[in-house]
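Novice: Next come the chains, spelled out residue by residue.
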Amino acid sequence: MMNNLQRIRPPVFPVEKVVIPEAKSFRLNNGVPVYLIEAGTEDIMRLEFIFKAGQVKEYLPLLASTCNMMLSEGSQNYSSEELNRSLDYYGVFLNQTAEKDSAGIVLFFLNKHIEKVLELSREILFRPVFPEAELNSLMKKRLHWHMVNREKVQNLAIDQFFESLFGKNHPYGYQIREQDFENITPSLLSDFHTKYYTPENMAVIISGKIHNKTAELLNSYIGNIGSNENNNEASVNFINGEKLKKVHINKSGTVQNAIRIGSATINKKHPDYPGLKILDSILGGYFGSRLMKNIREEKGYTYSISSSISSLDIAGYKVISTEVGQKNYQKAIDEIYSEIMLLQNVPVKKEEMAVVRNYMSGEMVRMFDGPFALAESFRSAWEFGLDNSYYYRLAEKIKTIDPDEIIELARTYYNIDDLYEITVGSE
Amino acid sequence: MINYKRFSLENGLRVLVHEDKSTPLIAMNILYDVGSRDENPAMTGLAHLFEHLMFGGSLNIPDYDTPLQLVGGENNAFTNNDITNYYLTIPSENIETGFWLESDRMLELDFSQKNLDTQRNVVIEEFNQRYLNQPYGDAILKLRPLAYKVHPYRWPTIGMDMAHIKNTDLEQVKSFFFSHYAPNNAILALTGNIGYDLAFQLSRKWFGPIEKRTIQSRNLHAEPEQTEERILTIERDVPSTALYKVWHIGPRNGKDFYTLDLITDLLAGGESGRLYTKLVRGKKLFSEINAYLTADIDPGLIIVQGKLMKGVDIQQADESVNEVINGLQSENEIKDEMEKVKNKFESSTVFSNTSILNKAANLSFFELLGEPGLINNEVDAYRNVSHGMVIEALERYFNPTNCSTINYISTRKKK
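In order, the protein sequence lines correspond to chains A and B. Here the first sequence stands for residues 0 to 426, numbered as in numbering that gives the first Met the number 0. Here the second sequence stands for residues 0 to 414, numbered as in numbering that gives the first Met the number 0.
These are computed hints drawn from the structure, not numbers from a lab. As the structure is a prediction and not an experimental result, all values here were calculated from the model. There's no promise every hint is true.
Pulled a few chain A residues facing chain B out of the computed Cβ check, cut under 10 angstroms [said to hold, decoys possible]:
#	residue
1	Leu93
2	Lys151
3	Arg365
The following label-pair restraints were derived from C-beta to C-beta distances [claimed, not checked]:
#	chain 1	residue 1	chain 2	residue 2	range
4	A	Lys16	B	Gly194	20 to 30 angstroms
5	B	Tyr291	A	Lys208	22 to 32 angstroms
6	B	Asn2	A	Lys348	42 to 52 angstroms
7	A	Glu426	B	Pro250	48 to 58 angstroms
8	B	Gly372	A	Arg8	36 to 46 angstroms
9	A	Lys245	B	Ile233	29 to 39 angstroms
10	A	Ser219	B	Pro250	46 to 56 angstroms
Note that the Cβ used here is the ideal one computed from N, Cα and C, for glycine as well.
Whenever a hint applies, use it, and build me the whole structure from the sequences.
Specialist: So this is what it looks like as C-alpha cells:
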C-alpha cells in the first residue's frame, strides 16, 4: 500500500501579495479622529480608545498605570461593582492598558450592545471618580503582585534591562520600588486624568462588522466631551542609558538564570527599520531562527530563546531573552555573541534567506487576518505617524533584501560593545 | 452557525472540514488520542516529550519546521492529560505542504538518538522554568497526587519525576509511537480557505496510504471516591501565603459539565465574579483568586486558588471560600448573575470562533468526545442550566470529604 504514493514534496507557491484594507477616517464633533476598519463575518466589534497618557507622561512612578486601572473603579453614575457587573452582563470584554507611551481601553462586544458599550465607555473614560477606598485596595493588591513578580528572574532581568537602556530617571527606565505604592492619591490621579484623558490627546480605532450607526452614536456619547485645559507639555525626549553595560543581579536558590542582551535602537520611523526587523527574525525572531536552532534545538540549553525589536516614541530597542540552567548559562551567552558576529561577517545563504522571506511573508498575511489583527497592525503603524505604506515597504524589503545588506545592518546596529548584558540568578 | 462536513478514510482517520472564505489562511489541526493518562507510571512525561520529538524530522523529511516556514506557515503543539494536539496555519495556496508534512510524521518519525538527547534537555529546562523557577510553581505538582491516588491524572503532563525523562530510551520512544500514533487514533480538522472537495482529495492522497495500527488499549483504573478531607501544608519562601482547593467532579461529557462550568463562572468569571467581589474587593482577604474546571475527559477537578493578603489567617480564608460557594444555593441575586454569565459565555464563544485555529481545535476535540455538534450547541447547553441544577451540583460535589486543600504557607519574615 505504501508504495502507491511517491511522497514527493509539493511545490512551493509564493505567498500571495498582502492586501491591506484601508481604514476610513472621520472626526467627531469635538475633533477626535476615528478610524474604521471593516472586516470579519460575525456581528462583533473591537473598539479602542487610545490616549497619549502612558508612563512617559508621569511625574511619579505608577501614576499612568494606576490612573488607567482606576478608570473602571467607579464613575459619576456607577460604582465599580456596577460597572464591572454591567460589562459582564452585556458580554463585553474590557482590556485596560497603560504602556510606555500610550494608555487606553479596548472593548470587544456583540454589535447589538453598541449603545450600552458607548455609555459605559463614557463613564469609564470621562467620568471616573477615583474613590479612595478602591484606590487603597488596588495599591495593596498591586504591591502583592509586584512582590510575586520580583521573585521571577525574568522580571528582575527585564526591569534592570530597561533601567540600563533608558536610565534610572526616565519613565521608560526607572524601576518600581515598594514605597512607590504608597505615593498615589486620588487627587494625583484626578489631576493626571484631567490633563491627559482629553479629546486632544485621543483617537478611536474601530474594527469588525461595523454597526451602521457607529458614527452617529459615537458622536452622541463622546463627540461633545470638551477639554478643560490644553496640555502639550513635552515629554522628556532624549534618553540617557546607564554607563555600566554588564549587570548581574544575584538571586540565590534559582535553578535557571535569566539573560537579557540588547540595546536601544532606531524605531519604526527610521528607513532602516524594516531591514532590521528581518535581521532580527534571522537572529531570534521565529522558531527556525539561529538562536533557537543553535541554543535550543542543537544544544538543548534552554526551553526557549528569542530576540525581538520594538518601537517606542523616542527610541526603539532590541532584546535577546532566555532562561538557562546554571551549568550552561555562560556558554549560552557566548553562543549569543558568536551568532551576532556571524551575522556581521558571513553572508546569509540563499536557502536561509528564502526561508525567512517566506516565513515573514506568511506572518504578514497573519498580521492582517481578521478584524482584531487588522486593528492592532493599523494601530502599531498609526502611533508612529505611519500608514499602510509602512507595511508595503516592509513586504517589499522582505522580498528584496540581500545578504550584503544584512551584514551592513548587523554591523551598524549590533555593535557588541554597545550591547547591555543583564543576568539574574545564582552565581 | 459553523457549518462543517466530516468523513472517514478507510484507515480510520476522521476528517472535519469547515470552509471560511473570509481568510486567506487555512488552519490544520491534528489531534492524537494520547495524553499523559496513557503513560506507564514508571515512565511519565513520555507523551509530552514525544510532542517535542515530533519536530525532529520524519521518514522522508529531515526537518519539520523549515519546509513549513518556507511556505509561510507557522505551527505549534500542546500535550495534556488526554490528548496531544498539533496545529498549523498556512496561506491557502500552500496547504498541500501541510498535508505532506503532517502525513509524513504520522507515517513514521526519524528516531534519532541526537534528537532524543537534545529534547530531553529541553524538556528538563522547560520543567525547571515552569515549575521550579517560579514562585508557587510546584503547587500544581503537589496538588495532583493529593487529589488522585489511582488514576493517571495523579501526575502532571510534564512528568512526575525528571528521572523518567532522563531514562527514556529510543526503543521506548519507538514503541510509544507505533502504539499511539496512527490514522485510526487521530482526528484531522481543516478550517479556513479550503473547500470540502479539495480537503477530501488531499486527505485521501496523503493520509490514505498510511496503514492502520494496533492501538494500545486503554484500561485506566477509575479514581475511587474520596471519603475524607485531605489537607497538605507546604512551607515556602514566597511573598505571601496561597490557598489551593480542589473537588472531584464528573467527566467532560457528563450531564453536569456545563452546570459546573457555569458555577466556576459565577464564582470567578471576570471582575464581577463572586469570589473576587466578596473576598478581594469586599473582605480584602485575597489579593487574587480564581476558579476553574480542568475539563479533563475522565472525571476532573474544580480548582479554586488564591493568594492571601498579608496577615490574613489561612483558616479564615478557607472558610470564606466555602461560604461564598455555599452562598450560590440561595435565590438572592442569582437570577441576574446566571443571566450575566450566560451572556458572557455566549459572547466569548462568538469571539473564540472568529479564529480559524480555535475552530479547528474545537472541532477536533468535540469529535473526540463523540459530539462534533457541540461547536454549535455549547451555548444552548450552557443556557439550559437552571438554578436547580446548580444546587444539585453544589450538593453533589462541594463536600468536605470530596475536597483536597493545600495551605501554601509563606515563611518570609515581615520587614
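Novice: All the hints need checking, so say for each whether the structure fits it.
Specialist: Each hint tested on the structure:
1. Hint on A/Leu93 holds. Least Cβ distance to chain B is approximately 9 angstroms, under the 10 angstroms limit.
2. Taken as an interface hint, A/Lys151 checks out: its beta carbon lies about 6 angstroms from the nearest beta carbon of chain B, inside 10 angstroms.
3. Among the interface hints, the one on A/Arg365 holds; its C-beta lies about 7 angstroms from the nearest C-beta in chain B, closer than the 10 angstroms criterion.
4. For the pair A/Lys16 and B/Gly194, the beta carbons lie near 22 angstroms from each other, so the given range of 20 to 30 angstroms is met.
5. For B/Tyr291 and A/Lys208, the hinted distance range of 22 to 32 angstroms is satisfied, since their beta carbons lie about 31 angstroms from each other.
6. At roughly 45 angstroms, the beta-carbon separation of B/Asn2 and A/Lys348 lies within the given 42 to 52 angstroms, and the hint holds.
7. Evaluation of the 48 to 58 angstroms hint for A/Glu426 and B/Pro250 yields a pass: the beta carbon distance comes to about 50 angstroms.
8. In this structure the hint that B/Gly372 and A/Arg8 lie 36 to 46 angstroms apart at CB holds, the actual value being about 37 angstroms.
9. Taken as a hint, the range 29 to 39 angstroms holds for the pair A/Lys245 and B/Ile233, whose Cβ atoms sit roughly 37 angstroms apart.
10. Here the CB-CB span from A/Ser219 to B/Pro250 is close to 51 angstroms, well matched to the stated 46 to 56 angstroms.
When each numbered hint is compared with the structure, no violation occurs for any of them.
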